[in-house]
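*Asks:* Spelled out from the first residue to the last, the chains are:
4 protein chains.
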Amino acid sequence: MKIAILGASGYGGVELLRLAAEHPYLEVTYCAGHTSAGEKMSDLYPHLPPPLGDIVLGDIAVGKAAAAADILVFCLPHSAGMDMVAEACEMGKTVLDFSADYRLKDVAEYEACYEVKHTHPQLLSEAVYGLPELHREEIIGSRLIAVPGCYPTAVILALAPAVKHGLISTDMLIADSKSGVSGAGRTASLTTHFSEVNESLTAYKIASHRHTPEMDQELSALQDAGKLQVTFVPHLVPQIRGILSTCYAHLAKAMTVAEIHEVYSDFYADEPFVYLHPLGKVPATKHVSGTNRCDVGIAVDERTGRLVAVSAVDNLIKGLSGAAVQCLNLACGWEETTGLPLVAHWP
Amino acid sequence: MKIAILGASGYGGVELLRLAAEHPYLEVTYCAGHTSAGEKMSDLYPHLPPPLGDIVLGDIAVGKAAAAADILVFCLPHSAGMDMVAEACEMGKTVLDFSADYRLKDVAEYEACYEVKHTHPQLLSEAVYGLPELHREEIIGSRLIAVPGCYPTAVILALAPAVKHGLISTDMLIADSKSGVSGAGRTASLTTHFSEVNESLTAYKIASHRHTPEMDQELSALQDAGKLQVTFVPHLVPQIRGILSTCYAHLAKAMTVAEIHEVYSDFYADEPFVYLHPLGKVPATKHVSGTNRCDVGIAVDERTGRLVAVSAVDNLIKGLSGAAVQCLNLACGWEETTGLPLVAHWP
Amino acid sequence: MKIAILGASGYGGVELLRLAAEHPYLEVTYCAGHTSAGEKMSDLYPHLPPPLGDIVLGDIAVGKAAAAADILVFCLPHSAGMDMVAEACEMGKTVLDFSADYRLKDVAEYEACYEVKHTHPQLLSEAVYGLPELHREEIIGSRLIAVPGCYPTAVILALAPAVKHGLISTDMLIADSKSGVSGAGRTASLTTHFSEVNESLTAYKIASHRHTPEMDQELSALQDAGKLQVTFVPHLVPQIRGILSTCYAHLAKAMTVAEIHEVYSDFYADEPFVYLHPLGKVPATKHVSGTNRCDVGIAVDERTGRLVAVSAVDNLIKGLSGAAVQCLNLACGWEETTGLPLVAHWP
Amino acid sequence: MKIAILGASGYGGVELLRLAAEHPYLEVTYCAGHTSAGEKMSDLYPHLPPPLGDIVLGDIAVGKAAAAADILVFCLPHSAGMDMVAEACEMGKTVLDFSADYRLKDVAEYEACYEVKHTHPQLLSEAVYGLPELHREEIIGSRLIAVPGCYPTAVILALAPAVKHGLISTDMLIADSKSGVSGAGRTASLTTHFSEVNESLTAYKIASHRHTPEMDQELSALQDAGKLQVTFVPHLVPQIRGILSTCYAHLAKAMTVAEIHEVYSDFYADEPFVYLHPLGKVPATKHVSGTNRCDVGIAVDERTGRLVAVSAVDNLIKGLSGAAVQCLNLACGWEETTGLPLVAHWP
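Chains as they are written, first to last, in this note's numbering: chain A, 1099 to 1445; chain B, 1099 to 1445; chain C, 1099 to 1445; chain D, 1099 to 1445.
No lab work stands behind these hints: they were computed from the structure.
Be a bit skeptical, because a hint or two may be false.
[Claimed, not checked] Quick list of in silico lysine-lysine cross-link-like pairs, DSS-like style, CA-CA up to 25 Å:
id, chain 1, residue 1, chain 2, residue 2
1, D, K1303, A, K1303
2, D, K1138, B, K1379
3, D, K1303, C, K1379
4, A, K1262, A, K1100
5, A, K1100, A, K1138
With the rest of the complex left out, here is chain A:
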């Protein structure tokens, strides 16, 4: 299948390019950039040898991409590709969107959160939230996949079994997430300036990050007690890749950690990319770096009856480009794990 990457100059785009180039059933036939149209990939990324380095970026134009490819992946900021996604869908292409435009089912919530008018709300019901662990059946054969945000992937997978099975009360869900700096993209700024970031650690967008409604939507759908709301605080950590989410909730009833572990173990029993750590252990981000895995571990604060669930993802793979390939594998009817790394380089 021929694939076009619109927005190949960012970290998500170049990681997708690498994964697609190594994928046995994909052929990259069009790469596009905005300010970098006309440039060679090796000018932007000197680590890319030929043939990838020799790719010349085209315009971000849905027509050109559609002429060249069957699958169109939009790696653009929210709202920038909203109309092109709709156009591509109409042309019958398989479309993946890295932005938030088609993730939220509630158009009002989207518009309030992103402060922009949604121009194609009718597509929202058709779009699938690209988290195979919750939506595998819908993704198979789907034509419009909204790739989840990196933080929601980690938080949702940490809490899903507990929410689904009513193990925790939903009146106080805390998600304290820590992310490496690559999540901020490639645009240089003071907040990603090495000398300011290294040897430092901070919280940002406290309880106001735009990824929060995704967590609320997906976790709420797992239970019938109405809409739940996560208090989500992201942090910036001096490392390149990796998100660690530490999630807190009251247990709904007294359970041992072993019982809870068994619920998690059953929930993820057949998941190729979720690795539940054995009882007593939790993941580190390095465990999953460079892979499409989400590792999960749990503990219980027995003094207070609280669950602590910890998850780790590589924000650019399971948190973005790898998730896209995983969804594509499902959408196209290929083996779900095709072309996706499972074992991290160590150290």
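Use these hints to put chains B, C and D onto chain A, whose structure you have.
*Replies:* Below, chains B, C and D without anything else, positioned relative to chain A:
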């Protein structure tokens, strides 16, 4: 005043040595090490030029230290200095203990937590918890000061104003703390091995860290609703210094963030080492690195009515050796800020 | 082909395990460790999910390995596997040795450098130095391959074209190399302790590193002016992977940088794993991280008539385990690039 | 004495502000910024509490600065302050210039290197190169001090004793320097973007860095064999502060490393800020981080008769703002070490 450092070969000890050497009223007259007795400081720490580098470490013997100094600082693991502390007190020395031995008022809690018998429980009522922001009056003139743990310093100062003034309900207090690696000390191990730690991030001792009872003790004492219990989860972050604590609690009643900020502002108005960030901002660990400051910032999740309080300390200064000097300044009747850095090197 | 890894618990071993597991023609049938015999790989390396994590380490015993596999790779310190290598050769196995035992052709030089008696000097003429760029023909079909040191790989490939074609005088060759910390292995020590290593940078084993004789041997063999001697100074840099070697020499005669670049370009024209950067550019270690590439770039100091050649390798891949697989591919008659990554994860 | 800082918003300026604020004889009375005029320092640097954080930046105007202060420090890019420096000199102020404008004695060399016309060449003979170890007498009482570049400080101090005493032949001097990222300043760019810089290492401006003529000038002046030329290659290393320079040269005649060490030891015997490491040891950048020290260590490659001299400085202190204060201390007749840190925070 002459000061002896017992356990000068660790990070806490060498940082205290530096601070004491720069302090106008202190003279370091005895340094001791366990396995390093007989060695020169410059053999252990090549960055130390003469005269500090020329100091030869003596034995960890309370008699020798007492003969040489008026102030004895024990920078030893818990229980290792328990008896020597008591001896030094009997000799009428001013004593500071970096370990947990004299921090907890409840001897049973100490013994359960540290799995060791307390040999001098009668001293616990005399010992002062060395957090000047809560115990300044007791520290003035005190002869036995238990220097607080690094994590408790950050967590307690983040939550103290809210607990004291009943702003939050105490039935779910979460402290999610992230620490640099220097908190693990200088002993080499796989968990502090550069290649394993760098570019990684993990949680450890989930809801089972020994610093938790200190938080419970000090925060409980600020209110009258009985014993409260913090769910405390520490994390290891790939940086050398710094602790960031993100603390979560339900608001006890509806308040604006501005109102809460004013309570915090009043609470810390006269504190020389607590810097409350302006509304809308929270600290990063780099802000306080190399200083004796604890920076605090707050936010409110208005959707859910939760307080998020963030604090940052340099774990080796305000979290350890600087706190000791701050307490010494008070105990000896000197200006509280003497010899203590307020402004970080940047970047 | 079945492959046994003796010394699978170190960084070289676990990286070889990963590469071998992803290799289409290799099956790992035996893994062994010294102190870790009897343990599961996932106990040593929690990032390894089943089936790799479920491998139980056997003894480092050549008989057991030979019974299980056709190819034996010894990932042991120098002299520890010297006799087993000889035994395995006698059994007709294909043998790769990560240590220096069979790299140096001059047994006296080996014994002086490593301060140990060589017990099988007769094998030295049979052993091939596993740098395909210089010894491809000898490696094809070879049964005993000495995998080069990480530093020599970088230094030799930076200078080989210039030495071979007489572009530089050999009376002053300087190789200033900088390495990430993973080159020091997994054994915890103060020199690999995160807090000591991070935010620091130093030189070590100045002009006395054991990798120097390899550089001398391989570069000397490229010309007929007798034995040349490299002044080699390694440095430790606060990053995990990567070696950058900056090499200096006088030009033997006046040449433009473009002329020299052409010589290099011809020399490496058919090399699948050497990427010569375009004129005016030099590599960074991140360009090759996670790949089996050695990137090279050159510049000339026109004021003084000196060549500056810069090379970059991932010390654990092209500098070790990837080089072993590249040699194996040649030795076994497979396509040289089989199972070896060419494109780095970015960033 | 009252001091004005023109260009207080950069790393050099803010570090000077900190040092000046802690200096017993200096009072900062004017701070100025270009694009940041009108802003509060705490808006630019949230780590600065009052009173430093409350300073409002004025215009970069020599008249305003001169009205407020006796000492004017220009922390501006080359040529930006060239005319203001001359004006301030005419007003009789004590002037320090962080730029290269008044460092080179040869105006033609300056103009060729910086590609700009020098508008006040007559001041060059009056200006002193602010390296007290070579120019102490001239600095005492001087009114115009050109603060040296960070790289030249490290390279010159590594080689000065050897050049001065004719220990090395000057026909091949190699200076391979490695710098932390703070040397690139605070302006965000792709080359200082955390995700691109961390876990990477590269050379840049090979044999073309503008600091080279300073090294040539100062080292040439130490001997009478005419102009010597250094081959200088800077590297960027993933750490914030610190420069390590590894310098290579042929020995002019056979000498033992102990004999050379004695020459160095004599040369630096009375220097308060140069610490010569004992025989067999060389400095790491962490040894000097946060201090005004330059540490030096030497070794000899006995096989080839080459000297290897290694030096380390904190690029923002001994390499910039600390050097300025050291010169000011001399110029104003104060104790040379006043207000300058000698001992690094560790770790």
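*Asks:* Mind listing which of the numbered hints don't hold for this structure, in increasing order?
*Replies:* 1, 4
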